[in-house]
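**Student:** Based on the hints, put chain B in the right spot on chain A.
Top line first, the protein sequences correspond to chains A and B.
Heads up: the first sequence runs through residues 25 to 351, numbered per my numbering.
Heads up: the second sequence runs through residues 25 to 351, numbered per my numbering.
Think of the hints as simulated: they come from the structure by calculation, not from any bench.
Honestly, I wouldn't trust all of these hints.
Note that identical chains are pooled: a pair holds if it fits in a single copy or bridges any two copies.
What the hints assert, rightly or not - List time: in silico DSS-like cross-link candidates among lysine-lysine, alpha-carbon distance up to 27 angstroms: (1) Lys159 to Lys131; (2) Lys119 to Lys321; (3) Lys159 to Lys126.
Source: prediction; values computed, not measured.
Listed below are the residues making up each chain.
2 protein chains.
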Amino acid sequence: MANTSLQQLVIGIDIGGTGTKFGIVDRDGNVLFSSEISTKKHATVESFIDELHGALGELIQKAGGTGRIKGIGVGAPNGNYYTGTIEYAPNLPWKGIIPLAKLLEDKFQLPTSLTNDANAAAIGEMTYGAAQGMKDFIMITLGTGVGSGIVANGQLIYGHDGFAGELGHTIIIPDGRLHPGTNKHGSLESYASATGVRYTALELLEKTTEDSLLRKVPPAEMDSKKVYEAAIQGDKLARDIYEFTGRILGIALANAVMFSSPEAIILFGGLTKAGDLILKPTREHMEANLIQIFQNKVKILISHLKESDAAILGASALAWDIKTQLA
Amino acid sequence: MANTSLQQLVIGIDIGGTGTKFGIVDRDGNVLFSSEISTKKHATVESFIDELHGALGELIQKAGGTGRIKGIGVGAPNGNYYTGTIEYAPNLPWKGIIPLAKLLEDKFQLPTSLTNDANAAAIGEMTYGAAQGMKDFIMITLGTGVGSGIVANGQLIYGHDGFAGELGHTIIIPDGRLHPGTNKHGSLESYASATGVRYTALELLEKTTEDSLLRKVPPAEMDSKKVYEAAIQGDKLARDIYEFTGRILGIALANAVMFSSPEAIILFGGLTKAGDLILKPTREHMEANLIQIFQNKVKILISHLKESDAAILGASALAWDIKTQLA
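In isolation and in its complexed conformation, chain A is listed as follows (with noise of 0.2 angstroms):
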């Protein structure tokens, strides 16, 4: 520690739609200092800006004062790189398109960056995580959606207006189930999340009359977590959920590969603690669906960054290369 007096700092934000992570973070990934404010009670911006002014100023005066801090980095649900806005998030109580780069940047007279939580999660990865060293990978984030984070030739796809990376909702079974947020039918999400993992318990119960332990769950009380609970026991219908979800994640995964043909695809979130029991059916069903020339080349690796650190040094890699000019 003897350097780190002399060593430059950022800062990462991660918003979500409950609460908002934030913390300090040196260059080897190391969160120095961190803290937690909600999201969800502040009806303003305005407000929200005032609490985590005040709680993020103190972490601030323990990393030795702003003129250590290079810049703030966050991540946010609907985060458009290119205008530091937040557009029409559903999760969020602010409506509409809020400046929220600019906004932080008045506030604390530092230079902030701003991406969704999936392209954070990425440029993480790239900094500090198992995708460090790679020009060309694919982050998919496996939680209660799914989101996506591209780097081509060593830089994120932010596409022409900013909202690029949204595999998620791509459409992998046409007419298949329906999503309820969108509106559309048999995307990606709607399978490969832990939403879509209780959908799919649902269902096989009920096409099946197959014993199994879930069949004890009250189907208001189903969940991702109940379904692994019974796979690690050797349920049959359990695993058969599993094989399912990683069938439709492994031709999602290979129409990836086949885009833009990645070093790695790096995966994060609660689905990927089931292990082998997801991973296995989702490598074999993507290299199934891969042509040749792609296959046995592509590694699917688990994330390694902790995950209570992860969403917060996700958000500060941001601030490493940040281009931002203070008005």
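**Tutor:** Using the frame of chain A, we list chain B on its own:
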């Protein structure tokens, strides 16, 4: 033409399974001189290069000699940009890995760059065509097969191994139609290609009893041209074939948009001659499968490069940015 004697020029070579087209091109995309030799009559790549050297040498002389030529760009099936090799191309007479760029550099003493035909087409559109000034777009060639080239952040995506951009092989209908070349089921190419349209016609004729002009066509003679001719005469079944093809293509385009969020998708090739017959359902199904943030933003454009020149232009465009150094 007064200044052309001072202009630098490039060579474009498009290698196909049957013939190889080549020409000398100026900055504005004028093909000044061009010619063609047979590919398939050459059992070895050495004899192919000998004939090419003779034929192309004449054009170089007409253009004012090697001194005016900046370099050579080559579009070839399974062409790898990173290595300059053609790898296991099923439709070429030369098997295995062919170090084509190296062979051409040695023969012509000109720096040579190589990629696959669809990537070359994308660079051609960016250099001379509909994508001039665009930093994020996707080129899709709809011919006998389906090729694609993806540009993001102003750069072509080659991927980790040089083989990115195989949208034709992405799976749109899991368990769908078998592709005899790849042995995969339900890929875009198995539907949205001239070959795919032929199969859709044969399938629909068999599945229904509906009256159609196409019932007069012997199965062995069915092709996308016959379908087009019937459709412009108002034949309902022929129009259903385009509706079906456009639906598959529309889903594939939606998935591509949610991946890289391009400003435009540029279509090229035989299938686009059907105009709105194919474009209208394609656009409709693309929009219907996009989540809201992507809707009504992405242009679908038809390439306006002359079809006879396009392959040479695409290949030649590679040579303007050539980084290869002669050993």
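**Student:** Which of the listed hints are not met by the structure?
**Tutor:** Hint check: 1 fails alone, others pass.
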